[in-house]
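Q: Quick note, the sequences are listed as chains X and Z, same order.
If you're matching positions, the first sequence starts at 74 in the numbering used here and goes up one per residue.
If you're matching positions, the second sequence starts at 27 in the numbering used here and goes up one per residue.
Be careful, since some hints might not be right.
[Stated by the list, open to error] Footprint (simulated), chain Z over chain X, 3 or more residues, beta carbon under 8 Å:
no.	region
1	74 to 83
2	126 to 133
[Claimed, not checked] From chain Z, some residues computed to sit far from chain X (all C-beta separations above 10 Å):
no.	residue
3	Glu29
4	Pro70
5	Gly97
6	Asp98
7	Phe165
8	Leu191
9	Gln234
10	His268
11	Ala272
12	Arg275
[Unchecked claim] The following label-pair restraints were derived from C-beta to C-beta distances:
no.	chain 1	residue 1	chain 2	residue 2	range
13	X	Val130	Z	Pro226	51 to 57 Å
14	X	Asn170	Z	Val223	37 to 43 Å
15	X	Ser282	Z	Thr30	40 to 46 Å
16	Z	Ile179	X	Arg299	54 to 60 Å
17	X	Gln83	Z	His37	40 to 46 Å
18	X	Glu323	Z	Thr30	34 to 40 Å
Bear in mind the hints are in silico, worked out from the structure with no lab data behind them.
The beta-carbon is built from N, C-alpha and C at its ideal position, and this holds for glycine as well.
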Amino acid sequence: MTPFRFGTTQRPLYGVLHAAAAPSRRDTAVLLCNPFGQEAVRIHRFGRVLAERLARVGVPVLRFDYFGTGDSGGDDNDGDLIGWADDVRTAHLELLNRSQTTRAIWAGMRLGATIALGAASTEMPARIVLWEPIVDGARYLKALDDHTVRSMASFYGMARNRQIPANSNEAIGFGIDSRLRQQLLQIDADALRLPRGVDVDLIVPRAESDAKAWSAGRLAEGSRLRQHRLDHEFQWTAEEALNTALVPIEALSLLMHLLELPE
Amino acid sequence: MTETVEVFGPHGNLVGTLHHPGSPELRDVAVVLLNAGVIHRIGPHRINVKLARALGRAGVVSLRFDLSGQGDSRVAPDASPHLQQALGDVRAAMDHIAARTSIRRFVIAGICSGADHAYRVAGADPRVAGIWMMDGFTFPTRRSRLVQFAWRIRRRLREGAKALLDRSAGATRDVPDAAVATQRLQRRAAADQSRGVPSPADFARHMQGLVDRGVNAYLLYSGDVFYDHNYANQLRDAFRGHAFAARVRCDFLPEIDHTVTRLQAQRRIEALLVEWIEAWSEKVQARA
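Excised from the complex, chain X in its bound form (with noise of 0.2 Å):
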């Protein structure tokens, strides 16, 4: 496991990577892209685990912060959507690199997995998983903000002051500008396509929800989607994961069959 710093001076990012710890006959990697926010901090420890077991077996991983959240560098303000795709692409060329690889899968989570949507193109990356991808961003903000309510109305000194502004510059604990408070409300399920020519591996949960809807619609059109129903509810903005699993084996299972099937 080497941590290290990548990207430029002005845009410095953070990452781990796991190397290959046996061979492998296969020339991919893996690359991991966060959620945001506090779904990242409660998903760090997965995401250890995961890349920590694909390296075991012969795949490659990195895992990384976009700039301005993590270890990054950059303030909670300085993120938006178009640079954290960049930031992708850039882990992308940094994994390979390091890998000694050619080809890469994207594994993103929540927001994480609608970046990579953003940021795939045909040059990469050879095939995405997503996990539960936010395709609704009015509805995603929304569901923050009551998140923030209902726990600070549980806490003894907050009661009396309930209220999250409208537009409000900050999300459970972090920042959240005015730029990418419009660029999350501009994601609309019916404009979210996947990319042309890539395989698309989608993880949705039991419950109906905006993720399971939207697969339907690609499912229609004839993407190269395939969707996979995970039957634990990952609890994903649990704070200090209290009363919940840090690193669920289904979803941990799951994720490692479908990041070592073969292309």
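Chain Z: place on chain X using the hints.
A: For chain Z alone, coordinates are given in the frame of chain X:
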């Protein structure tokens, strides 16, 4: 200001980020920022990154790192029991800062379990000149129990009145704040039981020893530990007769939650930490 990835420790298993102001003058203490619970070194809502950058702007070097096995740090090959390993890890962090800078005195800063480690490390290593403990050990008093009881009664009465009004108006209502808040506080109190809280006598003895040695201590309590700590002078009341209680800084900030969620709260915590360090540290020339 520079932020560099650091891999250190006797086995090279620890990963951290060193924040260096890059200025010709530095403060003569460096801050070691610890994990809060299972969260990796960025801290809850990236608070450790924000604290480190605020400290950097004030000329303070800091290292936020992941304890063995957490975040991006690997488990040490000769791993010790958790508390002992944490002590060794923090010592390695101080060693590393000393090797990379001219700083030889340290503040150990942490939230929750991080605060607990700060408390223990300070007693074991003379290089620790300060400890910053947010939501560390709590010591209820008779008054704090009365305050808690009165709050619960007031909240239930308020919710009951609201429910009555809502029913009259035909409105639906949200989950009652009182019940949910009480559950949250009780859950946190229960989690605290697994932390090995020292007895009041042991805590007093430990803190007195630190203070007598010249260690600066800042204990900060959020509204989330309201169940056990809920008024401004509680620490002094709990340790009446112990000299240390008047020589440590202790703030109760009921408007701030345990994981410092709101941005305004984060800025407040940053300002308080910087202000506290500036009050007792000295400026020195950075090593060329």
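Q: It remains to establish, for every hint, whether it holds in the given structure.
A: Verification of the supplied hints:
Evaluation of the coverage hint for the region 74 to 83 of chain X: fulfilled, as 4 residues show C-beta separations to chain Z shorter than 8 Å, against a requirement of three. Given a C-beta distance limit of less than 8 Å, the hint that chain Z covers the region 126 to 133 of chain X is violated, as 0 residues qualify and 3 are needed. For Z/Glu29, the non-interface assignment is contradicted: its Cβ lies about 7 Å from the closest Cβ of chain X, within the 10 Å cut-off. Under the 10 Å C-beta cut-off, the non-interface status given to Z/Pro70 relative to chain X is violated; the minimum distance is some 7 Å.
The claim that Z/Gly97 is not at the interface with chain X is violated, since a C-beta of that chain comes within 10 Å of its own (minimum 7 Å). With 10 Å as the threshold on Cβ separation, the claim that Z/Asp98 sits away from chain X is violated: the shortest Cβ distance comes to roughly 5 Å. At the 10 Å boundary, the C-beta of Z/Phe165 stays outside the reach of chain X, the nearest C-beta of that chain being 19 Å off. Distance check on Z/Leu191: its Cβ is at least 17 Å (rounded) from any Cβ of chain X, clearing the 10 Å threshold; non-interface status holds.
Residue placement check: Z/Gln234 keeps its beta carbon more than 10 Å from all beta carbons of chain X (closest about 31 Å). At roughly 28 Å from the closest C-beta of chain X, the C-beta of Z/His268 stays outside 10 Å, upholding its exclusion from the interface. Its beta-carbon lying about 26 Å from the closest one in chain X, Z/Ala272 satisfies the requirement of being farther than 10 Å from that chain. Non-interface status of Z/Arg275 relative to chain X is upheld: no Cβ of that chain comes within 10 Å, the nearest being about 20 Å off.
In this structure the hint that X/Val130 and Z/Pro226 lie 51 to 57 Å apart at CB holds, the actual value being about 53 Å. The beta-carbon spacing between X/Asn170 and Z/Val223, approximately 50 Å, falls outside the hinted interval of 37 to 43 Å. Distance hint check: the CB atoms of X/Ser282 and Z/Thr30 are about 41 Å apart, consistent with the given range 40 to 46 Å. Taking the beta carbon of each, Z/Ile179 and X/Arg299 are about 57 Å apart, inside 54 to 60 Å as hinted.
A hinted range of 40 to 46 Å is violated for the C-beta pair X/Gln83 and Z/His37, which are about 35 Å apart. In this structure the hint that X/Glu323 and Z/Thr30 lie 34 to 40 Å apart at CB holds, the actual value being about 38 Å.
The structure fails to meet hints 2, 3, 4, 5, 6, 14, 17 from the earlier list, while all remaining hints are met.
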